[in-house]
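Protein chains in written order, with the working numbering: chain A, 1 to 66; chain B, 1 to 266.
One or more hints might be untrue.
No more than 30 Å apart at the CA atoms, straight line, and that leaves these computed lysine-lysine pairs for DSBU-like [said to hold, decoys possible]:
1) A:K52 to A:K13
2) B:K210 to B:K237
3) B:K220 to B:K26
4) A:K52 to B:K257
5) B:K27 to B:K79
6) A:K43 to B:K27
7) B:K146 to A:K43
8) B:K112 to B:K32
9) B:K146 to B:K215
10) A:K2 to B:K215
11) A:K13 to B:K237
12) A:K2 to B:K237
13) B:K240 to A:K52
14) B:K249 to A:K42
15) B:K237 to A:K42
16) A:K13 to A:K42
17) B:K32 to B:K215
18) A:K43 to B:K220
19) B:K235 to A:K42
20) B:K243 to A:K52
21) B:K237 to A:K52
22) B:K119 to A:K43
23) A:K52 to B:K235
24) A:K43 to B:K235
25) A:K43 to B:K243
26) B:K119 to B:K106
27) B:K249 to B:K146
28) B:K249 to B:K220
29) B:K249 to A:K43
30) B:K237 to A:K43
31) B:K210 to B:K9
32) A:K42 to B:K243
33) A:K42 to B:K240
34) A:K42 to B:K146
35) A:K13 to B:K235
36) B:K235 to B:K249
37) B:K220 to A:K42
38) A:K2 to B:K235
39) B:K257 to A:K42
40) B:K119 to B:K32
Derived from the structure by calculation, the hints contain no laboratory data. Nothing here was measured: the structure is a model prediction, and the numbers come from that model.
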Amino acid sequence: MKLIINGNDTEVKDNLTVAGLLSDLEIEPARVAVEVNLVIIKKADYNEHVLKDGDTVEVVNFVGGG
Amino acid sequence: MDFTEEQLKRYSRHIILPEVGGKGQKKISEAKVLIAGAGGLGCPVGYYLAAAGVGTIAMVDNDHVELSNLQRQIAHSVKTVDVNKADSAKQTFEALNPDVNVIAIKERLNSKNILDLFKDYDIIVDGTDNFPTRYLINDACVMLNKPLVSGAILRFEGQVTTILPHDGPCYRCLFEEPPPAGLVPSCQEAGVLGVLPGVIGALQATEVLKLIIGKGEPLKGNLLIYDALGVNFRKVKIPKNDKCPVCGKEPTITDLKDLPEEYCSI
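For reference, chain B alone in the conformation it holds in the complex (with noise of 0.2 Å):
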């Protein structure tokens, strides 16, 4: 496509960086990212993306804006509580760049619909809340080689993965089975800082923008742990696991299941 006049000024300090250039905004404008979860990760991400001017951002939530998310989930507003997350944001992204087609889908991920959802993507973004989602959507992008840009949040913590399958570790090559339920608190039950997930779901928006333009290292291989109390970014290298359930060289997991429910109780 050819940039318009309004274009070429909305993206001129994109334009002007050798790396991107209009070749790199093009790229940008042609891309297509699915963001799952349109809570406090999705909306920063989803935001950012929204603004790079990212062709199509696919939102994937079944839940309703509420009071409580107003605290960190920055693409919603008083305006769109008990509104679908997926639609409030699509509202918010559109609002900020008309050039952006945002569609919005409101419905939980599960082992049935996942292939289908993420298939028209090249990049799937997690900002999910739950472990059985993640695990889901982990062995979904390796089944379908797609790049995962994996990010979590819990109190003052937050971690940031770029998942490249079978180039690098995936979710279970570091966390091989989700935790017992109930132990892993979520935000509602510890709490989360409100800006955390901005500085982690700016930190997944690099990566994708940094994958659409194939330029600088992507964080494959490492897993990035921010503590904001202590102010300090901590790079912990993953190593590959060939005995890997699902990525490794003879995999165990070949279908996709849904964990069973008492998982979701996190």
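Extracted from the complex, chain A is given alone in its bound form (with noise of 0.2 Å):
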């Protein structure tokens, strides 16, 4: 399927979780915020809440340098 992440059209498997697209991107999850169509998604739902064709994916950095 595909899904458009921080503005970029890109294939990834079926049926992927959000913990899955973070690892499969080498992601640390508690490095990052994860907005899916416009929601926050909780870091506690990662494993359960699954990303559908042409869902929009945003991966925030922390960043707190100043």
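With the hints as a guide, bring the two chains together.
Structure representation (structure tokens):
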């Protein structure tokens, strides 16, 4: 299926969860916030939330430097 | 206040803008802005706001200038190494524009002093370098209902957003809890391109001036992410979270608390 990840069309496996997507992208879940179709997904739901074809996903890094 | 001949000249490029004009410049000269952190972000934000003629600028920092700061913290110099950063920035900004009253607050923000320090200012700018203070500033601004222009940098990435409490999302609507200690590196550990805080700080200063003159669209409900390597600006829409622990309908955070020390180790 196709997702729009951070504005880019990206081909991923079907039935991927948020946790699975982050794992495939080699992103540490605790270092980011994830928004799917304009809803922030709670970390506790990463394992259950299944992504659908066409979903818009934003992965936002924790950035704290000044 | 009426502008002197010299001030009319100094601010002429502002006054000529229909969106600013004499009225807007007067608002700028009467504005009070507090900048938390006189580092990579605080320096350019304060520098541009001083140039713009913001009447009162408070710089909050309890740290002193080090040689390794000078690659990006443009208000400091070899002459102010070992000087308190708020004091160093004050010297620089007042040399640029004697109209501006720069107040150096040589304290570290904490749950005890923050409300008192913030209460007299119109707009708060976050340019701090650690998550405990970022959450504290967010929570304090929500409680005081103060506009907050937040910026953050690391390596080649910068982020900016304008938080108008209760009128849009806050920092916790996006990042409910700080990351576990040690997981997100600091600039000291991971590095930062020296010019990056200049880009992000200039965006923050722009947001502050827009809020003061009341023109344009504030960067509310959006996180602007700048990727310097890819030359890419991405705006991520942030929804307001009705269940947000601090700005939601039934907040669970009603008192300010300092986060445990281990979070400070970033």
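Structure-based check of each hint:
Between K52 (chain A) and K13 (chain A), the direct Cα distance comes to roughly 10 Å. Compliance with the 30 Å bound is thereby established for this hinted pair. At most 30 Å may separate the alpha-carbon atoms for a hinted pair to count; K210 (chain B) and K237 (chain B) meet this at roughly 20 Å. Under the criterion of a C-alpha separation no larger than 30 Å, the hint pairing K220 (chain B) with K26 (chain B) is consistent with the structure, at around 25 Å. Between the alpha carbons of K52 (chain A) and K257 (chain B) the distance comes to roughly 39 Å, so the proposed pair goes past 30 Å and is violated.
For the hint linking K27 (chain B) to K79 (chain B), the alpha-carbon distance of about 34 Å lies beyond 30 Å, and the restraint is violated. For the suggested pair K43 (chain A) and K27 (chain B), the alpha carbons sit about 43 Å apart, so the restraint of at most 30 Å is broken. Simply put, K146 (chain B) and K43 (chain A) have alpha-carbon atoms about 29 Å apart, close enough for the 30 Å limit, and the pair holds. For the suggested pair K112 (chain B) and K32 (chain B), the alpha carbons sit about 22 Å apart, so the restraint of at most 30 Å is met.
For the proposed pair K146 (chain B) and K215 (chain B), the alpha carbon gap of about 18 Å is at most 30 Å, so the pair holds. At most 30 Å may separate the alpha-carbon atoms for a hinted pair to count; K2 (chain A) and K215 (chain B) exceed this at roughly 40 Å. With a C-alpha separation of about 26 Å, the suggested pairing of K13 (chain A) with K237 (chain B) holds against the 30 Å cut-off. Distance hint between K2 (chain A) and K237 (chain B) is fulfilled; the C-alpha atoms sit about 21 Å from each other, no more than 30 Å.
A threshold of 30 Å between alpha carbons decides the hint, and for K240 (chain B) with K52 (chain A) the separation of about 23 Å falls inside it, so the pair holds. Distance restraint check for K249 (chain B) and K42 (chain A): the Cα-Cα separation of roughly 18 Å lies within the 30 Å cut-off, and the hinted pair is therefore satisfied. Of the supplied pair hints, the one linking K237 (chain B) and K42 (chain A) holds, its CA atoms being roughly 16 Å apart against a limit of 30 Å. Proximity of K13 (chain A) to K42 (chain A) is assessed by CA-CA distance (about 22 Å); at most 30 Å being required, the pair is judged to hold.
Distance check on the hinted pair: K32 (chain B) and K215 (chain B) sit about 17 Å apart at the alpha-carbon level, within 30 Å; holds. For the suggested pair K43 (chain A) and K220 (chain B), the alpha carbons sit about 24 Å apart, so the restraint of at most 30 Å is met. For the suggested pair K235 (chain B) and K42 (chain A), the alpha carbons sit about 21 Å apart, so the restraint of at most 30 Å is met. Using a Cα cut-off of 30 Å, the hinted pair K243 (chain B) and K52 (chain A) holds, with the two alpha carbons roughly 25 Å apart.
Proposed proximity of K237 (chain B) and K52 (chain A) is supported: the alpha carbons are some 20 Å apart, at most 30 Å. Distance check on the hinted pair: K119 (chain B) and K43 (chain A) sit about 34 Å apart at the alpha-carbon level, beyond 30 Å; violated. Proximity of K52 (chain A) to K235 (chain B) is assessed by CA-CA distance (about 22 Å); at most 30 Å being required, the pair is judged to hold. A C-alpha spacing of about 22 Å is found between K43 (chain A) and K235 (chain B), which places the hinted pair at or below 30 Å, so the restraint holds.
With a C-alpha separation of about 15 Å, the suggested pair K43 (chain A) and K243 (chain B) falls inside the 30 Å cut-off, and the hint holds. Proximity of K119 (chain B) to K106 (chain B) is assessed by CA-CA distance (about 17 Å); at most 30 Å being required, the pair is judged to hold. Taking the CA atoms of K249 (chain B) and K146 (chain B), the gap is near 18 Å; set against the 30 Å cutoff, the hint holds. Annotation: proposed proximity of K249 (chain B) to K220 (chain B) holds, straight-line Cα distance about 19 Å (limit 30 Å).
Our distance criterion of 30 Å between C-alpha atoms is met by K249 (chain B) and K43 (chain A), whose separation comes to about 21 Å. Only pairs whose Cα atoms come within 30 Å are accepted, and K237 (chain B) paired with K43 (chain A) is accepted, the gap being roughly 19 Å. With a C-alpha separation of about 21 Å, the suggested pairing of K210 (chain B) with K9 (chain B) holds against the 30 Å cut-off. With a CA separation close to 12 Å, the supplied pair K42 (chain A) and K243 (chain B) stays within the 30 Å bound.
Among the hinted pairs, K42 (chain A) with K240 (chain B) is consistent with the structure: their alpha-carbon atoms are about 14 Å apart, no more than 30 Å. The hinted pair formed by K42 (chain A) and K146 (chain B) meets the criterion: a straight-line CA distance of about 27 Å does not exceed 30 Å. At roughly 26 Å between alpha-carbon atoms, K13 (chain A) and K235 (chain B) fall within 30 Å of each other, so this suggested pair holds. For a cut-off of 30 Å, the pair hint linking K235 (chain B) to K249 (chain B) stands: about 26 Å separates their Cα positions.
Between K220 (chain B) and K42 (chain A), the direct Cα distance comes to roughly 22 Å. Compliance with the 30 Å bound is thereby established for this hinted pair. Note on K2 (chain A) and K235 (chain B): the hinted pairing holds, with a Cα-Cα distance of about 21 Å set against a maximum of 30 Å. At most 30 Å may separate the alpha-carbon atoms for a hinted pair to count; K257 (chain B) and K42 (chain A) meet this at roughly 23 Å. Simply put, K119 (chain B) and K32 (chain B) have alpha-carbon atoms about 11 Å apart, close enough for the 30 Å limit, and the pair holds.
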